[in-house]
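Colleague: Chain by chain, the residues:
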Amino acid sequence: MPQHINPNTADAAAAEHARMLAALLERMASGEQAALKVLYDLSAAKLYGVAMRIVRNSEWAEDVLQDTYLQIWRNAGDYRASLAAPLTWMAVIVRSRALDFLRRRSAERLNDAEEFNDELHDGHGGEPDPSELVLAGQEARALNDCLSRLEARQREVLVLAYLRDLSHSELADQLKLPLGTVKTWIRRGLERLRGCLQSKEGGGLAL
Amino acid sequence: MTYTPELIDTLAAAYALGTLKGGARRRFEALARTRADVRGAAQRWQARLASIALLQPGLQPSEQVWKRVHNLVQAEIQLRQLAAQRERMQQPQTRADAEQTSASARLLRWWRGGAIAGVVASVMLLAVALRLNHQLQTQPVVQYVAVLSDDKSAASMLVTFDPKSRQLTLQRVSSFAEGENQSLQLWALPEGRGPQSLGVLPRDRVIKLTAAQDVKAVPLLAVSLEQKGGSPNPNAPTGPVIFKGQVIQRQL
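Those protein sequence lines, which keep their order, are chains X and S.
In terms of the numbering used here, the first sequence opens at residue 2 and continues consecutively.
In terms of the numbering used here, the second sequence opens at residue 1464 and continues consecutively.
Take these hints with a grain of salt, some might be off.
What the hints assert, rightly or not - According to the in silico footprint, chain X covers these stretches of chain S (three or more CB under 8 Å from chain X): (1) 1480-1490; (2) 1505-1514; (3) 1527-1538; (4) 1661-1667.
Just so you know, the hints here were simulated from the structure itself, not pulled from any lab data.
Where is the CB? At the ideal position from N, CA and C, for every residue including glycine.
With the hints as constraints, model all of the structure from the sequences given.
Modeller: As structure tokens, then:
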């Protein structure tokens, strides 16, 4: 991965970006529609990428995206900078809207197995580009770094488990893998992720 | 079962990932209700894993999505206004209502009036962050940014100026599009002197121009709507000024 990112500069950029988005959310909370447009232009591609990864159909993903920005507009006043970076907050919303969408559609999704098979082989499903990573912030960069140290299959199973909120057996089913294999990959993947993240956070976890 | 810190953290990770299901999930949640350390571990993992979504590559949605969002929000605002109107008509205005109305009217005037600064202050941060993508390897620099807004204070164009390369980068952020036989022209409005043209803008969403003069000494930038090819008068806009905004210095 070609990432020669100076951590200090990157953190400063991410912090600026986060403050900017937080300021836009504040404007939206007081009813300023122009702020929504700017926020949309800044974040729609990112959130659409997430929606696509979860629902895997462009029409559905656009419905999810529309729903997501309506939620963001309505709930802008509930955003708390102390709890999460704005982009993370928005990503949580788009994931939950996408999962709701899939639950509503669950009866219709019976033919997805092949898509899942393909996906297991393409690693991350594409790497985020370095500038995207910068704006995603320090936490996302640490996670990306630790994930990239995992075996591709372990990483992929973790990412899919999280994004699509799947249980071990659902994952086994969709990936056509033995249940035991999925369980082992997840356990080992999480274990290694845990070690890696802990060392990055300076071992300063109050355990 | 003895819950060592190690075990708690492992369970918290599986809980946040979503793979802890059924009875194990319920037991973990029960434990979290009584123990702050368990809650803390779960929240820490939720925060960590939330960034998984941000690691997915971005993808441009069709332009229809914004139009739909815009229309929905617009409809929602109108409905709310209608409901508020109906309420006002049903009951005589109390003093509190009157105060509230005048406060929101003041806010509106503030926004419509010379309030570009507020938008600038927030939008500015973004422009800087965006420019930074390209500058991660370079030294910290001084950056000049402006948000050009229309007469309703809606942000229409983001401008950044890099004094080293004299490069202006303009990004259109509103849906405004000039007509077939029209052009937009960018002007510097220096203090105590007449406007200076910085160039006629192509139709691209992102525009790069090299400024002939130093933009950093200029307090205001403006965009006028001209006949195709720009203002016939080289020293002033001929058409209406449709966007304007202050230039702000930003030290990185």
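Colleague: Run the structure past the numbered hints and jot down the numbers of the failing ones, going up.
Modeller: 4
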